[in-house]
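S.K.: Sequence:
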Amino acid sequence: MLGEAAIQRAMAGSDMDTRPSRKTFRERLDRMVESIRNDILNGVLQEGQFLPSEKTYAKQYRLSNKTVRQGLEILVAERLIEKIPRVGNKVARFERSDAVVLKFGCHRSLLQEAAMSALIAEFHRRHPDIRIELVGLSSGLNTHRVVKQMIDDGAVDVFTMNYNGFDDFRQHDGFGDLETMTPAAGIYPFLTDAMTHEGRLVAQPFIFTPLVLCYNKKHFREKGVLEPDSGWRWSDLFEQASKLAVENERLGFYFHFPSSNRWPVFLLQSGFKFDRDERGRFSIGGKELLECLKGCRELIYMQNRFPLFLSETDADAEELFFNGKVSMITTTYLSLNHHERPDDFEYDIAPLPYLNEPRTLLMMVGLAINTHSREKESARRFVDFLVSYETQLAIRQRTLSIPALKPAAEWTGKETMYRPSRFHVYRDIIPTFRTFDALRMSISELNALYREAKLFWSGLEKEEEAERRLDKFMRELGG
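Start counting the sequence shown at 9; every next residue gets the next number (the numbering used here).
Careful, some of the hints might be misleading.
Stated by the list, open to error - In silico DSS-like pairs for lysine-lysine, Cα to Cα no more than 27 Å straight-line:
#, residue 1, residue 2
1, Lys63, Lys74
2, Lys281, Lys295
3, Lys281, Lys251
Treat the hints as calculated values from the structure; they're not laboratory data.
Treat the numbers as computed from the prediction; the structure is a model and nothing was measured.
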């Protein structure tokens, strides 16, 4: 197990040589352009405000002044900044009387996961009569209460909706505020089905990811461990993790168990379903639930040789991985976009190990239109642009996310960034994809179940006591 000092060093990263390399030149330039673009679209840099000097950017991103100027020219072409001779560069002014302003509620994470600011800039170039204004960049987009208020206030015309948000809208009967979409040709059918409610497509699928296993290839080679495959069970993973672990240096496996996008996969893999009777009440009691939770507890006990609560978020576990302090993690394609890979760091992706049935969580992001918006036609043009082949291909080539459009997602060609060699493994495991809905329990109910199960999982309760408590919990939850 890692000591406290080692953990702190892992989370902070190392002080290894940070000299620039030719290999990362393009990445540093792209990162500079993306950062400035994000600051403009997020309102950090206001209209008419001057940007820092070219020398400042050159020092910050370890680029030459000439290269910085080339990057700024991209933003000039996108009409985001204007160059003032012998003065500097400033954020371009936008006259709102010249175009339709479309208010776009977007998850902040999509600025990296979908290169969203670059997509918006390209939309502006193609549609000068429409201006996208980013609003509501927070996790509040996952809740019906927050989005409903934005809809009622006319504060959003189109917004991104992940499956948590979809589930919350369904629980609150909120789909009446959303425009009915026409299924886009070429979108993976399982995504269209997941975003359809009572025959209505209420959000156009945009990007998606399954929960997968990610592993450090160098660690596997060092220890002579064969790389994981679709036949791995969790017992196989923990056996190999013990071989990969190095005392006071690294863990063989780690994941952020409390995450609502992690622990429910064990319920899915157990084959358990929370069936309800005709009145909507759960038809299972504490005894049946206890048997299911035992499977999760066994996995927790298998992991007890590795610290279970080393992280506060999924990102913490991923940061440990990219710092070389963990050999294997559970993660998503989307999450991989948020971590900078060291030049010599080689990793790959494999299907998630399983318990009784090979299953994994499917997570996705869709695009929904406010049916009360005065700019619905412009909103449709924007959504159509975001799911077009050219845009979806840009996501495929510039990020590690999986586009919803099958031809773009399965594109093969010369890569311009590091990509795991098994990137397309998701195609082989599509039959194992399941949303939270497969458990027949809402996400809020799953969160309540997690809070109840922690006492039993921690070994602080006898089975008879846990059964009585869980039986009462299920009756109250269903009632």
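S.K.: Are the hints correct? Go through all of them and say.
M.R.: Right, here's what the structure says about each hint:
| no. | hint | in the structure |
| --- | --- | --- |
| 1 | Lys63 with Lys74 | holds (10 Å) |
| 2 | Lys281 with Lys295 | holds (14 Å) |
| 3 | Lys281 with Lys251 | violated (35 Å) |
Checked against the numbered hints given earlier, the structure breaks only hint 3 and satisfies all the rest.
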